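A.B. asks: Please take these sequences and the hints and turn them into a complete structure.
Residue numbers (the numbering used here), protein chains in the order written: chain A, 1 to 146; chain U, 1 to 146; chain H, 1 to 146; chain Y, 1 to 146.
There could be a bad hint or two in this list.
[Said to hold, decoys possible] Taking beta-carbon pairs under 10 angstroms as the criterion, some of the chain Y residues facing chain U (in silico): (1) 26; (2) 44; (3) 51; (4) 81.
These aren't lab readings, by the way, just hints derived from the structure by calculation.
Since the structure is predicted, the reported quantities are computational estimates derived from the model, not experimental observations.
Built from N, CA and C at the ideal position, the CB exists for glycine as well.
Single-letter residue listing:
4 protein chains.
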Amino acid sequence: MRLTLEPSLDPADYSFAHSIRPRFAETDAMGIIHHSAYAVYLEEARVAYLTAMGHPYREVRSGGVDFAVLELFVAYRLPLRFDDGVTVHLGLGEVTRATFQLAYLLSVDGVAHTTAVTVHGAVDHEGRATRLPRFFRDLPISGRRE
Amino acid sequence: MRLTLEPSLDPADYSFAHSIRPRFAETDAMGIIHHSAYAVYLEEARVAYLTAMGHPYREVRSGGVDFAVLELFVAYRLPLRFDDGVTVHLGLGEVTRATFQLAYLLSVDGVAHTTAVTVHGAVDHEGRATRLPRFFRDLPISGRRE
Amino acid sequence: MRLTLEPSLDPADYSFAHSIRPRFAETDAMGIIHHSAYAVYLEEARVAYLTAMGHPYREVRSGGVDFAVLELFVAYRLPLRFDDGVTVHLGLGEVTRATFQLAYLLSVDGVAHTTAVTVHGAVDHEGRATRLPRFFRDLPISGRRE
Amino acid sequence: MRLTLEPSLDPADYSFAHSIRPRFAETDAMGIIHHSAYAVYLEEARVAYLTAMGHPYREVRSGGVDFAVLELFVAYRLPLRFDDGVTVHLGLGEVTRATFQLAYLLSVDGVAHTTAVTVHGAVDHEGRATRLPRFFRDLPISGRRE
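C.D. replies: Given below as structure tokens:
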């Protein structure tokens, strides 16, 4: 495993928050949100974070860089349900020349439902590893290490 | 983290194999399979495994038990592409009274592309933890521990 | 075909609008939003519409009624792209005792990209046809007929 | 509407069949397969059809051509359920210089559950309309016209 972050259950440990409302299409026959939808929620929060930092992912990609997902970890503590008001808290951890990690906390009404970590590598449009864009130097690190 | 399995890169360490052909719908603008699709591939392999063991998930569910996903870990080593012939190797590890873990290796033409681990808990239809069905006692344990 | 609505290209013909921002996960290897994602956008707009009308779909379902999709038609005129600011215009057409139709126009920066129609039937939790909830009597009909 | 095909309920009217087993991930809180999954099933059947005709979609795309979806129509008659053995019957209808239509019938144990039509346009990798590949001249037309 490359991932070293241990996501906190305290929203105060995260620098960014994004709201999601789970779709009916994302429910399953257990009546809850299917576990595969969470990777998409994390991605939506990540995209909103980059936009909020002044570097929309569209622009990053136009600049020739993609942020490939190298690792994904999700701990499902309590289920999410259709139309819940979900807050995705996000914090940047570990940044190297070519990779970064993000920690996430998903909460509903202040209750922690899910934690997650993603590890990303900068790649060019042929998928070859490349350096992170310079703006990463200036992003605040907020995710706690293990 | 509950997960303790370290998925092996050697297919011989897995007891079951299932074939998947990634769909065009599962590709993304990077031209590869989107990382969220893998959770669904693991699930399809898991369902095929239960069927092969003589306990189709449909029957397990009719018996009042669901296998909730408690944790998911995926390490994306090499991308999958549309219409690749993917083999999902699966091995059962750690079984407790109420949980079990599975390790996975996804390979294309014998080359390891992805490894993964899922942790599951038996729950009733109201989502309360319950015991694993008895047949788990007889399933061979093949996933290597860390 | 049950569907009789002809969706207009003029936003003024619709009574409700909802904003969507297509996710990266919804792109495909053609670099555009995959056509299967649109059904989910229409559903999200429908759910937002019901909420705006004072009848959240969660409550409708708690009351024992689901709105099954009986028919779906989508005309893809121009592609949607990742992170586009999409407006989904929605109008209610044809209402019978047990079914209703909705027309949709998806636009980006005022340009029509997609039109769609869905036909729905009220069903109980066993999937049997039932009457529409009473509040449908009071909803304004705005979708133009063919 | 461009679509002119009226999909038949008789499997004998279709030239090709492909098997699908709906995934648990594709179910929804109504306990049935979500209506957005069907577009993906149709696509999978289409890809299998092209492969069976000797022209895998991967090769078509390497040759510089994509088959954009211009229109989609689905009539949901009976629900599909998790792990059903679904047969997707497919027939080619209307072929023009730059477009083609396909009709579909989805059945379970010989019972018609769903019919559908898709209309496709050949486009180059910039999304501009182009001619269909020559091999379309030799494909048998089987979908009935309205």
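A.B. asks: The structure should be examined with respect to each hint, and the outcome stated for every one.
C.D. replies: Each hint tested on the structure:
1. Because the smallest distance between the Cβ of residue 26(Y) and any Cβ of chain U comes to about 8 angstroms, under 10 angstroms, the interface hint for this residue holds.
2. The interface hint given for residue 44(Y) is met, as the beta carbon of that residue sits about 6 angstroms from the closest beta carbon of chain U, less than 10 angstroms.
3. Interface restraint check: residue 51(Y) against chain U, minimum CB-CB distance 8 angstroms, threshold 10 angstroms, status holds.
4. Satisfaction of the interface hint for residue 81(Y) is found here, the shortest Cβ-Cβ separation to chain U being roughly 8 angstroms, below the 10 angstroms cut-off.
Hint violations for this structure: none, all hints satisfied.
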